Structure formats: C-alpha cells, structure tokens
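J.: These protein sequence lines are chains A and B, in that order.
For the first sequence, the numbering used here begins at -8 and goes up steadily by one.
For the second sequence, the numbering used here begins at 72 and goes up steadily by one.
Worth flagging that the hints you see were computed from the coordinates, not collected in a lab.
Check the hints yourself; a few may be wrong.
If you want a taste of the chain A side facing chain B, the calculated C-beta under 7 angstroms gives, among others [said to hold, decoys possible]:
id	residue
1	13
2	16
3	17
4	21
5	28
6	32
7	39
8	40
9	45
10	58
11	88
12	89
13	203
Please read these numbers as outputs of a predicted model, since none were measured by experiment.
A virtual CB, placed ideally from N, CA and C, is assigned to each residue, including glycine.
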Amino acid sequence: MSLTERGADPQRLRLTYARGESLRFISHQDEFRMWERTIRRTQMPLAYKQGFNPQPHMQFAAPLGVGFSGGRELMDFRLERPLPEAEVAERLTQALVPGVNIVHLQTVELRATPLQATLLGADYTLLIQTPVLPDGRRRVKDFLARTEIWRTRQRKGHTYHYNLRPVIHELSYGGPTADGRHVAFPLRVQMLAGATGRPDEVLAELGLTDLPHLLHRDRLYFSSQAEDAAVFAPYTLVQQSDIAAPAVGQARHKTRPRTRRHTQGKGLSVDSPQDFGNKAADEFR
Amino acid sequence: MLDTPHQITQGLNRVLPKVSVPARYTGGELNSIAKDWSNLQLRSRVVLAFPDIYELGGSNLGLMILYDLINKRPDLLAERVYCPWSDFEEVMRQEEIPLFSLETRHPLADFDILAFSLPYEQLYTNVLTMLDLARLPLRAMDRNADCPLILAGGSGCYNPEPMSAFFDAMVIGEGEEAIFDVIEVHAAWQTERKSNPGLSRFDLWRRLACIPGVYVPALYEVTYQTDGCIERVAPIVPEAPAEVMKRIVKTLPPPVTRFIVPYIDTVHNRAAIEIMRGCTRGCRFCQAGMIYRPVRERPLAEVLQAVDDMIEHCGFEEVSFLSLSSSDYTYVEELVRRIVEKHGHAKLSIGLPSLRIESFSVGLMDLLEKGRRRSGFTFAPEAATDRLRDVINKPIASQDLLATAAEVYRRGWTTIKMYFMIGHPTQTDADVEAIAQLVQQVLQVGRAHIGRKAKVRVGVSTLVPKPHTPFQWVPLERTDQIDRHVKILQEGLRDRSIAFTWNEPRETVMEAFLTRGDRRMSDVVERAWELGAKLDAWGEHYQFESWRQAFDELGLDMDWYLYRNRDLDEMLPWDHISAGLHKEFLHEEYRNTFLGGVVDDCREHCFSCGILGNFKEERREAADDAWRCPPLGQGRNRQPVDIVPVPLYFNEDMAPDRQGQFPMRVPQRREGTVVRTMTATT
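Let the hints inform the model, and build the full structure from the sequences given.
T.: Structure follows, in structure tokens:
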C-alpha cells in the first residue's frame, strides 16, 4: 500500500435511486443486502465498519416498507478511497439488479449530518387498481374532517395507540391515472422519530385495504434542504408525545413459526435465523 | 380460472399484499433467466421444482446446476418453482391461481417437463401439493399424453418406491448429463406425436427406460410374499433393465458462477462452489458417503476462477466450499490461503462445512481466522465413545476433538457446534451419557481459554437406517428409547452455556418409513396428504396422526416398516436400484459393525466397494488424478496420498486374548488407539 493510498480519506457518496414495482415486496433488510451486493459486484472499495462481524458503511434515509415502490430514495455509502462520481455511477449502473435505477449521485461531506436525522416527511401516492372509484372524493373528505384517528400498532411486542390524523398533512383524491387502470390518492406525511405517517394506515382508514393497490413513495423531504423546509413550513409538525396514548398491555406476541427442532427451555435462546441455520446445517453437514 | 401469465400477474397484484413474505413468489432476481416463449428455436421447456418453500429451495445447488446447464442451451429453457407456504396455497385455491413458474409466470401445465428435486423424505407430500396446484393428475397412470413429463431426481430417488406412483421417470444418480438424455427422448417423442397422434404415454415410458440411470416405475411389477416381504420386482417390458444402475459424471462439470441472488434471506444466502463430490471415509450410517462415490475433486484453478467470477456476477459476501468432507480436499489449505490473500480485504467470508477433526489443521484454522469471522465451528463426532465410533466407522479420538476445541477457543471463537446421533446399533445408555460428558469436557476447555463466553451448541438426531448403506438392515430405535435417551441428555447438558436441540422422534419416524418403505407406501403418502399432511419438515404443520390414520386405513403396519431387523437375504424394496456398490461390500460392512471391525479411508486402501467394477469405462476415460479411486490399467500407480491411516490389524496378529474370537478376517483398530497418537508413536 503506497503512502498516498494510506493517506487518502474515504469518500462518502449520496445516491438517489428508484426502487421499481417489481421490488416492492422486499423488506428493508433485504434491500440493505441487495445494495451491499450491488456495490460488491462493482468491486469498488466499499468501506466496512470495524468489528467482529463487519457491516458496510451504508445509511438509508428512510427504510421503504414491504409493499412499496419508491421514486427518489436516498442512501449514503462510503468508499475507502475516492473515485470520480461519473465512474462510480457508471460502475453501479452496470451492477444494478433489475428494477432499480440511479436517479442521482453526488459526493457529500464525510461529516455531513446523517440523512435520517434531517428527515421531515414524504410524498406518497396510493394507487387503487380500479378504473373508477365513485366515492373516492367523499372518503378523503371524511378522513380530513376527523381531528382524531386512533390506530393500534404493535411494536417490539408492545401494543400501543396513537393518533394518526396529526401526522397526515395532505391527502387528496387524484382521480384516475393516465393509463386508466388506477385511481390515485396523493398523500403527504411527516416523518419524525416516533411520529411518522404510514400510508398503509391511511389506506385502512379510507377503507381501501381490500382492493388491489400499489403504494408508491414519490420523494422525501429534509430539513437540511431549504426548498424542502419551505414546503413543510406551513404545517404544524407534531412530536411522539403529542400523538401517543398510554400503552395498553404488555402482551408479547410470538408470531415466529416453530420449526422442527425442539429447544430446551434453559440454555441459549435459538432465534429465528439460527433455526434456519440449524435446518440448513442438517442438510449439508 | 386464471390461465395465462398476464392473468396470473393480475391475480398476484390483488392477493400478494395479503400473504406472508410475498417476495417468495415474485421472482425477478439477479441472474434469473426469463427466455422468450415465442422463440421458434425452443425445443423444450423445463420447469425445475423444489418441493419446499423458496427460503429452502432457493439454496439448493443441484437445482441451480441444472438451471445453469439447461439455460446455456439456446434451444432449451429452464424456469423455477417452489412450494407455496400454506397461507398462499389457500389463497391460490380460493382465487383459482394455478401453480406458476417464477420467471415468466406460466402455469406448470404449459411446460414440456416438470422436474422435481427430491433430496429428502420430509418433502414428499409437498410434491403432491404442487402437482395438485398445477392441476395435474397426481399419479403417472392417470396422466394422458398431453401432460408434461413429471420427473424426479436427487438422493431421495435411491429408494424410489414410496414416490413411484407419482413420477413418470426417476433419475438415479447424477443428473448433469442424464437430464439432457431425457429432454432429447421426450422432445423426439413429442415431434413424432405430431405425425403420429396415436403415440401414448406408455410409449414414452418405454423410450425413457432405455436411458441409463432412468427408472420408470410403471414398467415394473412387484409381487409380495405372504409375510409382506417382497418376492420379486420384475420389468414388464424388455426395455426396462432388471437393475437400474446410477449415473455418474466422469469429471465435475464447470461450477455455477452466476448464482441466482435472492432478495429475501434464504438458508444458505451465499455462493456455493462444490470442490469435491463423494467421500472416502466410509461412515456406515452415511448415505451420502455411499451413494456419491467415487470421489472426484475439482482442480484448484477452477475453484479460484469460480470465486472471481462469482464476485463479479453475484457479489455474495460469503462463499461456501461444498463437499461431504471439505478438509479432505487435497488443496484445501492452498485454496483458503489464496482466497484470503485475494479477497480477504473485501471482507469475503469463507464457509467450510463438514470439517473432519482428523484433517482440520491448525494452519487451516489460522487462515480462516483472517477472513470475515464466523461465530464458530461445527464438528460431527456422531458418537461419544471409541467403541461406538468403531461401530459407525467414524474413528475420531475424543482427545483430538478436545485439542481442536482448545485451538478454536484459544483463537477467540466463542461457539463450537457438535452433532451426535443416537440410536446407533449396539448403543447403550453409557454411550448416550458419554455424549453429555464429552460436551461438558469441550465446554470446560472453552471456559479455560475464554471463560464464560464459551458456548457449545449440541444437535442430536436419531439414526435413520438409510438404503444403500451398511445399516440398511438395522431397525429404527423405538420412540420410547429415544425419549429416554433425550431425557438423559437433557439432564447431562443442563448448563446455560449449552444449547441442546434434538429431532422430534415422531418426525424421525416419518423419515424412516418413507426412506425404507416399498411401493405400497405411495398409497400411504397420497392418503396422508389427503388427510392434511403437508410441509412435514415444518414443526407446526407436521401431523403424525394423518400418517397413522393412512397406514391404518390401508391395512399396513407402520411398526413392521420401522422396527424389523431385516435378514441379509431379504429382498429390499430398493434392491433393483444400484448405487454402484456390491452387495457383498455392504454385507461385509454390516458384519464388521457388530464384530468391531473398522475400515480405513479408502484413499489409503481400496475396499472394493464396487465403483471401480461398475464404472470401469468412466475410470479409464477420466484422468488418473481426477478420481481418488486408483487408476485402472497396467503401469498405473496409485497417486501418493497424504492421509494418516487408521492403524488396523487383523485376527492373525491380534493380541493373544482376542485371537480366534471371529470366524472371519475382520480388520480392527488397535485397542485404545487413536489416529494421531498412533502416528506420534510409530
């Protein structure tokens, strides 16, 4: 390794990309691995964190849920030494999986604030697979007329109630799409820690969950961007404490399927991936 | 009723958001291949089916090899299908979605050939689920000439009888070449049918039976004796051979390097490169060690190139070097050293499954330490006493195991995983107690080096006596005995640093009757499936009662299949299938089991298992160093081997107190000796 190489600072790159409809069913964990492998295929020097089981330096602005496509998703990653942006973009393009497209790529300050910390909100489009929805406008009106919409969610085994309405800042009826196959509902939500609007919950409150649908995130907004901040300036952003209701119960749900091996009560817990591992090891040992 | 890829896609858009892990059913992964069905050049369309869910099937190397080979041909296409999880199965039935291929979403009935991988018994009922969801008749006899050809391959086919009713043809042995023979015969028959519509499925069967290694069950008639044992299995047409000899490839075909890269997490979410096929060790319980003979190694340069290609095409962060005994691969240390040198900085993790204590060196451990670290190592002593290890012919010394454990823990790894089996022939309670003692000793070694961080994971399974092994005649251990032995182990392994898992005895029972059953078992499989048996490998779905009821309704005795010590001259249900082993070899090994006889690694000494006799031509055509069996012909010498022989001695030079104890010549390990300590003293 030459002195210059050793002296070279790592490069932090900010990637804006689109995740197509064909990839809408993968989880965030799957997407993380997908990007790690994409960058590994380029054989560019992806930087890894130190540690027993090193993880790549990759940070996502806002994990995209299962069932969603995204038009302008953001991710930061680091290379051990700098490469020209054009070359990085070209090599990435060669290595992408089907269904992903690069929208933009730029180098950012190594010490820039993480994307997640400046996240304000997002625009979504809820697409209902039907040529017409006669009562679409009424459904939106009813939703917007309510001041409190209490929803129940599970998080880490805890059930909690929260008020959905204050985190939804815009919802409208967009009418049929150009292809005439869908009806669109544009939606703008805030995304602050613990106070994030979830489009699937809006869909449920509109009473449309059972119709075939596509969920698309058009873009994200960041407080670090002046124009983004301006868009969100008119809204009253609420905090977690503003929308939370007291926790209900401590019921812990075990939804994980039991596998064919039994585990003794005492001793190490055998968690889900390990169970797969066990099963796998049986096959090949 | 949804019948076209477009209709199926419409249906999926509607239902997928409601099912668990929908990405199992959407395909589109990197390196998957969707060919154009309207291409007039296409002669045959094959769908490769794995009868378990995507997360398991997606890691199956055999399916991946065939997918790669078939799709390399411009006139053929191969797509994939896996078994849906129960929630999606229900939705498919409600919404009338037929089982479809992942690549182009064609219904399975649109393909020319539907080829199932049949690796193990717990998946048998899933085959029926898949045929049913594909709207195909379950039984070969009920299919007309327009149905796709339904094939099976994989190690489950070594006893084809329990599933024989459901397949048109079953490929015995290695499929890399046989699959193309089958495709050719089928395509020629299809072409001929265009001018001669009278050609029947029976005619196709007769043609398939002429392909070496292809078993067409419907062309054989089985008769039974009054005691229920088989009287004879006889072909009913001249094309069908009396004995179907397995297929082998002379040398391993080039490894797959464009693996399908799954989006969702699968059991082996990594690249798998086969470095060696077969095993020379001869463990008596191990079916793979018997049926995958001869041992063929992949040249080092080919493996290294494959890793480079894989990184470019797949980007996996882990590569696993597959074989039945990876530390026995001649170039294992050089392989690991060169991979670490070249790719270690890129955090490529190296997996070496199936390490043998005898050949796993400290040097290798040091090399593996340099890669992306894994949490520990796995060893499979299978038995905990020297005596029992001789019975199973896996002579590993406990002190070697402890020494290796010390080296592992000393280097900072925290977990050692150990596999044992219970229910070996001649096993006593003391042998079971010894398992707990050995595990405790390993843990003590760990504690001595890294304190309370040291952990041991113990997996205990029950011996299922498998066809084509020397144990094929022995009975399965009774369930009450297994339960008792599991209790002994639970007592002995009570420690917060020990994780103990074991197989549910009733699931073992199912594996046993399905692997040992005869042709009548097809009715049981179908009836149990009708009664709701499915996804049997998944604890929450396994229904022992459905199986019990199916046996009862059909007037068959489950216990007769499980617990009967079979006579050496009994006609076994799989005796018309040959894994290339002489029956005398298996007999001799069976006798050795009870006489304390052990055989050595067969790289050291050929025990005439039958491979060289049955595959003379293949051996002559392969390079001298391509097989670990000795080359044939004058002037050829055995290649020098670098192994530590088991010190054997025969009756004539036994200690005086043991002379004359056996009527025949039995090779024996010297009392109280172990591999490495003997080397040290000689």
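J.: Please go over all the hints and tell whether each is borne out by the structure.
T.: The hints, checked one at a time:
With 7 angstroms as the threshold, the beta carbon of residue 13 (chain A) comes within range of chain B, its nearest partner Cβ sitting at about 5 angstroms, so the hint holds. A least Cβ separation of about 4 angstroms between residue 16 (chain A) and chain B falls short of the 7 angstroms threshold, and the interface hint therefore holds. The closest approach between the C-beta of residue 17 (chain A) and any C-beta of chain B is roughly 4 angstroms, which is under the 7 angstroms cut-off, so the hint is satisfied. Checking residue 21 (chain A) against chain B by beta carbon gives a least distance of about 5 angstroms; that is within 7 angstroms, so the hint holds.
This hint holds: residue 28 (chain A) has a C-beta 4 angstroms from the nearest C-beta of chain B, less than the 7 angstroms allowed. Taken as an interface hint, residue 32 (chain A) checks out: its beta carbon lies about 4 angstroms from the nearest beta carbon of chain B, inside 7 angstroms. Because the beta carbon of residue 39 (chain A) sits about 5 angstroms from the nearest beta carbon in chain B, less than 7 angstroms, this interface hint is met. A distance limit of 7 angstroms between C-beta atoms decides the matter here; for residue 40 (chain A) the minimum to chain B is near 10 angstroms, and the interface restraint is violated.
Of the supplied interface hints, the one on residue 45 (chain A) holds, with its beta-carbon coming within about 5 angstroms of a beta-carbon of chain B, less than 7 angstroms. Checking residue 58 (chain A) against chain B by beta carbon gives a least distance of about 6 angstroms; that is within 7 angstroms, so the hint holds. With its C-beta approaching chain B no nearer than about 5 angstroms, residue 88 (chain A) sits inside the 7 angstroms limit, and its interface hint holds. The criterion of a C-beta within 7 angstroms of any C-beta in chain B is met by residue 89 (chain A), whose closest approach is roughly 6 angstroms, and the hint holds.
At its closest, the beta carbon of residue 203 (chain A) sits 4 angstroms from a beta carbon of chain B; the interface hint therefore holds under the 7 angstroms criterion.
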